[in-house]
Structures are given as C-alpha cells and as structure tokens.
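Dock chains H and L against the given chain P, drawing on the hints supplied.
First to last, the sequence lines map onto chains P, H and L.
If you use the working numbering, the first sequence corresponds to residues 1 to 209, in order.
If you use the working numbering, the second sequence corresponds to residues 1 to 209, in order.
If you use the working numbering, the third sequence corresponds to residues 1 to 209, in order.
Just so you know, the hints here were simulated from the structure itself, not pulled from any lab data.
Certain hints may be false.
Note that the list lumps identical chains together, so a pair holds whenever it fits in one copy or between two copies.
The calculated DMTMM-like cross-link candidates involving lysine to aspartate or glutamate, where the alpha carbons are at most 25 Å apart (straight line), are [what the hints assert, rightly or not]:
no., residue 1, residue 2
1, Lys-129, Asp-192
2, Lys-207, Asp-58
3, Lys-69, Glu-195
4, Lys-69, Glu-145
5, Lys-207, Asp-57
6, Lys-30, Asp-57
7, Lys-69, Asp-82
8, Lys-30, Glu-149
9, Lys-137, Glu-18
10, Lys-102, Glu-182
11, Lys-132, Asp-192
None of these values were measured; they are calculated from a predicted model.
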Amino acid sequence: MLLNFFFPKEFDFFNLFEQQVDYAVQSARKFKDIAATPGLIEESSYQAITHLEHQGDDATHTVIAQLNKTFITPFDREDIYDLTKQLDDITDMINTMVGRIKVYKILGGDKHLMEFSRVIEESVLAVAKAVKGMRHKNGTGAVLEACVEINRLENVGDAMRDAMLLELFESKTAIEIIKWKEIYQDAETVLDICEDVANVVESILVKQA
Amino acid sequence: MLLNFFFPKEFDFFNLFEQQVDYAVQSARKFKDIAATPGLIEESSYQAITHLEHQGDDATHTVIAQLNKTFITPFDREDIYDLTKQLDDITDMINTMVGRIKVYKILGGDKHLMEFSRVIEESVLAVAKAVKGMRHKNGTGAVLEACVEINRLENVGDAMRDAMLLELFESKTAIEIIKWKEIYQDAETVLDICEDVANVVESILVKQA
Amino acid sequence: MLLNFFFPKEFDFFNLFEQQVDYAVQSARKFKDIAATPGLIEESSYQAITHLEHQGDDATHTVIAQLNKTFITPFDREDIYDLTKQLDDITDMINTMVGRIKVYKILGGDKHLMEFSRVIEESVLAVAKAVKGMRHKNGTGAVLEACVEINRLENVGDAMRDAMLLELFESKTAIEIIKWKEIYQDAETVLDICEDVANVVESILVKQA
Chain P
1 MLLNFFFPKE FDFFNLFEQQ VDYAVQSARK FKDIAATPGL IEESSYQAIT
51 HLEHQGDDAT HTVIAQLNKT FITPFDREDI YDLTKQLDDI TDMINTMVGR
101 IKVYKILGGD KHLMEFSRVI EESVLAVAKA VKGMRHKNGT GAVLEACVEI
151 NRLENVGDAM RDAMLLELFE SKTAIEIIKW KEIYQDAETV LDICEDVANV
201 VESILVKQA
Chain H
1 MLLNFFFPKE FDFFNLFEQQ VDYAVQSARK FKDIAATPGL IEESSYQAIT
51 HLEHQGDDAT HTVIAQLNKT FITPFDREDI YDLTKQLDDI TDMINTMVGR
101 IKVYKILGGD KHLMEFSRVI EESVLAVAKA VKGMRHKNGT GAVLEACVEI
151 NRLENVGDAM RDAMLLELFE SKTAIEIIKW KEIYQDAETV LDICEDVANV
201 VESILVKQA
Chain L
1 MLLNFFFPKE FDFFNLFEQQ VDYAVQSARK FKDIAATPGL IEESSYQAIT
51 HLEHQGDDAT HTVIAQLNKT FITPFDREDI YDLTKQLDDI TDMINTMVGR
101 IKVYKILGGD KHLMEFSRVI EESVLAVAKA VKGMRHKNGT GAVLEACVEI
151 NRLENVGDAM RDAMLLELFE SKTAIEIIKW KEIYQDAETV LDICEDVANV
201 VESILVKQA
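For reference, chain P alone in the conformation it holds in the complex (with noise of 0.2 Å):
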C-alpha cells in the first residue's frame, strides 16, 4: 500500500521503554551491592554503573530520534518525550550519587545507605512492572498497583531521609555532613524521579481510559 511509503510502519517505543528500565533495574542492583560491599568502590563496579548511564544514553537517543520520524505514536508524543527522559534520569541519578561516593571516598557497608539501596531496588522493580504492564490492555490494574507502590516508597525515602539527617547533624563533623547530606538527597531524588514516571504512567492511562 502506498501510504507504507510515507507512514512507516509503527515504531515499537514499547521495547526501548522496557530496554530503558532494564539499565534503571541493572543499576540499582549495582548500587544495592556497592552499597553493602566494605571499603572503598571497587573500579569495576564505578566502570559498569558508568557504562548503563551510557547505555541509556543511547536508548534515550534512539527514542528521540524515532520520535521525530514517526507520525502515528501509541500515545501523545509529549507522553513519550517525557516517559523516556524520565527512565533515564533514573539511571543518570544512581550514575551521579554513585559519582559522589567514588569521589567523597564513601566507605560501603553503611546501614542507612545500604537502606537506602533496597528502596530504591523496590522503587525501581515497581517502575519496571508499570512500565512493562502497559504494553498490555487488560495490565491497567497491574499498573496501577505498581504506581501506588511507587508513591508509597517516595514517602518512605522522606521519611528516611529526614531521620537520617537529623542523626547526622548531632553526630558527625561538618565534613561528614556535606558529604551524606548529599547523598541521602541524591538517594532521595532517585525515588522522587521514580514518582515522575509513577506520574506520566497514570496520566497515559487515564487519556487512554
């Protein structure tokens, strides 16, 4: 059919979205072990973090780049544009508070780090299931439920956040608190970015309903 020529056939944006969550997931497995591996960040474990930002990088591109070829989209291009920034801010971040602790010289087997790390694992399994569930029509409650967990685990890293930097404040110099400050606030952001997408996936499916 002629209109083949000039309406391509449709993009699968669903398959980078789940590539793009596949690096977020990757890296937050990466930081829950450098988080609770002793000492100082092993090289190789800087290396591989590094190496997923790159690669959502990419993915990041790829989207773009289809999105401004392709004129039939599964849903708003604004969605898409957003839903792909925002997956890869997740692994930018975990890239970034990784970058800190490399730099700060962060010793791991930190308690309220390695906290830290499993809500933020949670957080981003939860984005993964929202994501993956909405290449299906009848996943709607699926979806749902992950959001709701997502916004559950945001209030959950304020909580922490807060308590832990009152700690810090009356226990350590104020060296150390420049340093963790940062990185509970970094750790915090992650979850907040997770909230992003929790935010743009609702609002798919609500103009979709």
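This is chains H and L only, laid out in the frame that chain P set:
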C-alpha cells in the same frame, strides 16, 4: 444538544486555581507564624503545613484529571498545566522549607527568617491577586500590577539572601552555615516560583489580548 | 495581499538568538577576566555581568512575545521556546556564579577557577558557532561539529569538577569546601546548559532533514 454528550459542560478551572492559591496563602501565613514563634517548631504547626501540602496535591491532581477530560479550555492547555503545577510548587516549597526547619531544629524568632517570611507572604498575596483577577475580563490592569509586584519582591528576596549569606559566612560555624544556607535558599526559591506564576499569567494575558 | 494583514512578515528569530548568544559569549569572556584577576571581584566587573544578564532577559522576553504573536515560525514553536530559554540560562548561570564569587569573597587568580573559565568560554563559543550556523542551509556540517565539541567539553568539565572536589575535600576547611563546592558545581552547570542547547539544535536539524 447531542454535542453536549461528547463535550461536557466547560469545567471551571478558575475555581480550582483559586483553591490552590488559597492553600499557598494559608501556607505562607502559617510559615510567618512559625518564623515568629520562639523555640522549636510546634508539632501542630508542622502538621498544618503538611496538611495544606496534601490538599494542594489533591487540587493539582483534579486540575490535571479535568484537563485530560476537557476539550474546551479557557486558555492553552499547556498554560493551564504550567499554572496548576507552579501554584502547587509554592505550597510544596513552603512545606519543604518548614520540613528543613524541623529537621535542623531551627529556632523561631530569628530576625532574618521573619523578614523572609513577610516578603513571601506579600508575594503569595500578589499571586492570589493575579490569579483571581484573571477571571475578570476588565481586571487586566490589576493582574499586571500584581505581576510587577511579584517580580519586584523576587529581586528584594535575591538581595536579602545575598546580604544574609554574607553575614552568615562571617559569623557562624560550618554546621550552622550548612543549615541556614539551605533555609535561605529555600525561601528565595519560594519567591522564584511566585515569579514563574507571574510569567505564566502574563503570557496567558498576552495571548488573549 | 490581504493575508499580510493577518500574518505579519515572518519575524527573524535568528537575529534574536544571535543576540542572546552574544550576551552569553560576553558573559563567558568577562567571567574569564574575573577568574584571572587577583583579589576580590571589582564592582565594575560585577555590574557588567549583571547588565549582560538583564540584556539577556530582555532578548528572551522579546522572543517569547514574538512567538505568541507569530503564526509561521522557522521551526517548531516548542523548540524556539526551549532554545531561547536555554540560551538565556547560560547568561543567567554565569551571573549566578559570579554572584556567589562576590558574596563568598572568592579571590581571583585561583588556578582551578581559571581552568574552568577557559572551558566555559570554549563551550560558549561552540554554542555561538552552532546557533549562528543554523541560519545557513548548507552549514549543517559545521553546526553538528560544534555540537560534538560542546558535548566533549561537558565531559571535560565533569572530570574537572570531580578532580577538584577530591582535592578540595582533602585540603580545605569545611567553610572553604561549602563555598568552592558550590562554585565548581555552578561552573559545571554552565557546561550542562551548553549541552542542552546542543541537544535542541541537533533535534531541530533532525526534524528539518
């Protein structure tokens, strides 16, 4: 008329904007109380600010849900989205700042904090005037005046923060500097967000001129 | 022709982009001077940076006002909006950084600051090349080359900031760390914004290909 079936009666976005701005005004007033009350923040004041933040969130969600369902909007969808988000950001930022005051055990009665809280209240009241004035076709003059005032107060806040930082770095310990620097920055950010609202309001008026 | 009455002569957005980029280049150059001049920042240098920031603001407002009045634009309205905002952000961020230098009484002649100021100037000059090249249909090669250079310099800045932070935390007092950490971060943010410009420019070129 059949069309009514497809196009529901135009939703009154202005009602919700006014509700959002009301939460912002109440938050700013409560913050002024907190800043002026000597000693640690009272739990009831903290709860009041948090409650306003939740109410603001609900109003924002309602606006966005309606936006996704409404075909005819009083002005550009994008501007409605920006306006609702930024009005919510005012209440959010005041809540964030008060959260820091609690965690850092900042004592009320501080001269600088009180000064900032008065400028914030003035700016949020000007935002209320601008937003409420948008409803009236012949209220453009008053709306623009309020926008000019919001811009003026943002500059006042900038200068205040710089003067306070200068004093801070010359008279306090590193740990005190870390705490207060963040509080002053948050306070200034409230004024920045008010300015963002003024910019959206002005751009809406320009398009309707 | 009647249509001319409704559709005013196409507004030359490129002129204004070039003006904006010019303010950014002048700001970057002035910042290089400031970084290299020993002692406290001179009031005249500070005023010059602030003046450029105001001129940049005016140019941005003109672009947005025109955008709201113009029916036919050389490329997507959203891209025009992003481009004008980000060009303004470069000048804004340099102004913010210089404001911190003044308030924190940072002395010129610092080796690291000078190093950063040179990379910033290079990056802003590449932004100028990219933006000015967009006007010419057969200048795509040079524009893309400039974008690659901007990306390279952002990576250079990242590595510089990390190396400087590492040194900072090992050799300075907490108060010095607080000051310099913010300055380095601001400097790196200028390079991030240049990269944002490169991304918008590339996406505009892709759509027109």
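Verification of the supplied hints:
1. Lys-129 <-> Asp-192: Close inside one copy (17 Å), not across copies (32 Å); limit 25 Å.
2. Lys-207 <-> Asp-58: Intra 29 Å, inter 19 Å, cutoff 25 Å: inter-copy only.
3. Lys-69 <-> Glu-195: For Lys-69 and Glu-195, only the inter-copy Cα distance (22 Å) is at most 25 Å; the intra-copy one is 29 Å.
4. Lys-69 <-> Glu-145: Between copies only: 22 Å across, 33 Å inside.
5. Lys-207 <-> Asp-57: between (28 Å within a copy, 20 Å between copies)
6. Lys-30 <-> Asp-57: within (18 Å within a copy, 34 Å between copies)
7. Lys-69 <-> Asp-82: Both: 17 Å inside a copy, 20 Å across copies.
8. Lys-30 <-> Glu-149: Intra 22 Å, inter 31 Å, cutoff 25 Å: intra-copy only.
9. Lys-137 <-> Glu-18: within (16 Å within a copy, 37 Å between copies)
10. Lys-102 <-> Glu-182: For Lys-102 and Glu-182, the Cα distance is within 25 Å both inside one copy (13 Å) and across copies (18 Å).
11. Lys-132 <-> Asp-192: within (20 Å within a copy, 31 Å between copies)
Consistency with the previously given hints is maintained throughout, with no hint failing.
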